[in-house]
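Single-letter residue listing:
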Amino acid sequence: MSGTTETSGTATIDSVPGSAEFAARTHGLRKTYGRTVAVSDVDLAVPHGVVLGMLGPNGSGKTTTIRMLLGLTLPTAGTAELLGHAVPEHVDRALPRVGALVEGPGFHPFLSGRENLLRSAATEPELAGSGLRGAVTAALERVGLAAAAGRKYRAYSLGMKQRLGLASALLVPRELVVLDEPTNGLDPAGTREIRQVIADLHAAGTTVVVSSHLLSEVEATCTHAAVLHKGSLVTQGELTTLLESGGPNLVVAASDDVAGLEALRERGIPARRENGALRVELTEVDSPEVIATLVHAGVGVREARRGRADLEDIFAQLTEETS
Amino acid sequence: MTTTTPTATHRSSAPLGRVLLSELRWVLRRPRNLLALLGLAALPVLIGTVVALTGGPSPGDGPALLASVAGNGLVLPIVTLVMTQSLLLPLVTAMVAADALAGESAHGTLRGLLLAPVGRVRLVWVKATGVLVMTVLSVAVIAVVGVLTGLVIVGSDGLVTLSGTTLPLTGAIGRVALAAGWSMTQMAGIGAIALAVSALTEHPLVVLAVTVGGLIVFGVLGELPALEWLRPFLITTDLYAVADVLRDPIPTGDLITGLWRAGCYVLIGVSATVARMATRDV
Amino acid sequence: MKRRSVALTATAGAAAGLLGLTALTLPAGAAKPDLPAIEPEELVSSAMTARSPEMAGTIRVDNDLGLPALPGVPESSPLSGGSSTLRAWSDGQGRHRLTVPSEGGEKTVVDDGDTVWKWSSTERTVTKYRPDATREHRPATTPAETARHLIAKLRESSEVAVDGTASVAGRDAYELVLTPEPTERTVLREVRIAIGAEKRIPLRVVVETDGARQPALKAGFTKLSLEPQDSELFRFTPPAGAKVTTPEAPERTERARHRVVGAGWDSVLLTRLPQEPQSRQGTDDGPKDPRDLARRIGEPVSGDWGRGWIVTTRSGSALLTADGRLAVGAVPEQVLTGAMGAPR
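Residue numbers (full-length UniProt numbering), protein chains in the order written: chain A, 1 to 323; chain B, 1 to 282; chain C, 1 to 344.
No wet-lab data here; the hints were simulated from the structure. What you are looking at is a predicted structure, and each value in this text was computed from that prediction instead of being measured. Each residue gets a CB set at the ideal place from its N, CA and C atoms; glycine is no exception. Honestly, I wouldn't trust all of these hints.
Claimed, not checked - Distance ranges between label pairs, derived from CB positions:
no., chain 1, residue 1, chain 2, residue 2, range
1, C, SER225, B, VAL152, 36 to 46 Å
2, A, ASP200, B, LEU24, 30 to 40 Å
3, B, VAL217, A, GLY34, 24 to 34 Å
4, C, LEU98, B, LEU24, 29 to 39 Å
5, B, VAL217, A, GLY49, 50 to 60 Å
6, B, GLY219, C, PRO27, 36 to 46 Å
7, B, GLY213, C, ALA16, 23 to 33 Å
8, A, ASN58, B, VAL121, 33 to 43 Å
9, B, GLY213, A, LYS152, 27 to 37 Å
Unchecked claim - Chain C stretches covered by chain B per the calculated footprint, using a threshold of three residues with CB under 8 Å from any CB of chain B:
no., segment
10, 92-106
11, 119-125
12, 225-238
Same shape as in the complex, but just chain A (with noise of 0.2 Å):
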């Protein structure tokens, strides 16, 4: 009946395969094109129910490591797991569970939206041949493209026919939904509406992998992350527990800031100036003894507060690290 598909969207899966822990999983995973070595020794683990974010600038191997999770290229070494199939040996028992917009959407410019989805959605083993119709009208307003179903794809925007690859990824209710980039080309509206599409994903219990060269995205949508940088993966875990690898500090509005950093380092207190504030490391003192320390060095403090280290921070330690 079409009203089962039509609810179908956020309807949560239970049905787990066997004794799989992680929605996806990499052990050692390598892939060379010729002397290039795009991805080497990856281990990444996706717990079910996670928002994962993988980080890392263009380039950096995390579009190759998708395409190796999902089955479409073969690793040069190291295995794979997907719902608990190995891949790409079983990749197509996962991959009727799984949705996916990798390396931007792909349509015919000569169909129209809707039949570029239909076409899609003919392919969809999970959809039986009454529902077709059906599931891709609801993914069209799940993205808000119902009134632009109709016309032909040569003519969106690129914003729109981003949405349109997300539709299709979420033809069928997935158990695990990779987004490769899924806000390139979108306006600061669309990228809230992706948003908040993986917020409705997450709160159906459907396991999400996003990659993304923005850190701002990640640390907004995601509650796991994963930082790739030149191929090999630097870091990976709960946002929250990355966020913290930073330690306590003290953001400081002063007066003077050169008189400030100079009141500190002369207490041997850890501090730097950045975007016209004083950043201070409460590994060893804590604040009423920093804001005691600028007022006895006559700087004003106009305002002080905890900071929390942000991913930029964390990404930029990290990759200077291993660079």
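Fit chains B and C to the given chain A structure using the hints.
For chains B and C alone, coordinates are given in the frame of chain A:
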């Protein structure tokens, strides 16, 4: 509620019929493919009209086969096949084969198909079917329009064979069907090779260039006396044998050789496509 | 790995396809058969007595006569080197059909026992002959006698031998070899005729010339079926729209102009070209006037017999004089000029 719900079939592949149908719809919805079919349909009408108006080339002038169209309309479909077989039909075939894998790859849609998933070997079968259907349609359009034009414009109530015998209408149509069927196998052979090239590249133009360029090179190689040993390998060697259906009795030798050769080409082409697609990084 | 094994299997499939193509290059050659020994006399005599069987066959003619490239003559023409294929049918009772296919056309000759029909598809013409007037009747001697006579005649100038066996179009055959005696002034080295062991019909003729590895001429069956043939094949009805002509038998008058000088392998045929270029010649996808052609490809020569042009090929020469006399033979140039000057 019954025990089966439409969304939870838990298969690892969509029903083959549905995927095939979707593929055929895709091939036949493409404006350029439809234009190609329309153009092929116009050819016999054009040739037939010219022959009917001018009375055809005088004996010894122009292609000998064309001269036999005058007043002998059922030769028209076969003449058109002979004329299109060397370049136009292969071009249409290569165009569809180019779209099938290289074009999908260029549009990024090949990833989508593999992620659905459509199994890699199954994908080759689906794509091969799409190319085959378009090839069959191309030849059939020429044959059908050719027969109709022959009957209406040139006018004839039978077929005078090259051997000087006269076949009744049914026999003549049988000969046209035989020529069309044989021509389809040759184009299938070329299409299979084009599909293999299509699996190797992501530039559809490369497929066109390799297929059409290859046929031209084959034609040249076949003319060189020093390379006579190569001739049995070239699909161009017996392409002209399709005109043998106009002889009476039909000399079957070259037609059967051509059939066997086309079969080998199909086997090579499809095998190479499967081999490539099974390991291709997408 | 699964995908690798799929790729491997598929590669094997491609290899099988290549093998299939290679199969097309293999000649259908069979080993030389073992046949009971036979004397040349007996072989020739049995070949002479053999009844023309009911048959359908394809004959391939490989021609390497070494004629100079003729301007205006297409490659496929039997005049220039190359291969051509003929198809022949016979009902064993004097009715025959012969077709000479060309690209996009065909010439068909049907002898229905009464009338000879010649059809040309490119010209859409039918030529009708009544062969009775010119058909020669066989001498009243028995075929065996004729054979003995023929062999005796051949032995004057040649060695006649049976040289092993051959397989032609899948049939066992004896190879009859005629070699000119050393005294013969000919450019031919030998003529081999394969005669079918069963029906004693000639299956292949090979002409070898001096100093060449490839035969100058090789004509033989590539396919032969000795089954009863459809009688429809030996009937001919001119198709609608064809031009039917009935020429007067010209052979009689032409024959009078022919003369043979010399004997055996040295024989030279002397004849005279008609004053008017034959009308048929022009449409025969060749040049219009043989004199023009001779002027273009021949070497000018002269002697006490006059002036002319000589064309020399691997298998013989031809001499055409300015006044239209023609001498042809499988002989070197001097023999030809000598024959031209020979008194009548």
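* Numbers of the earlier hints that this structure fails to satisfy, in rising order -> Per hint list: 4 and 6 violated.
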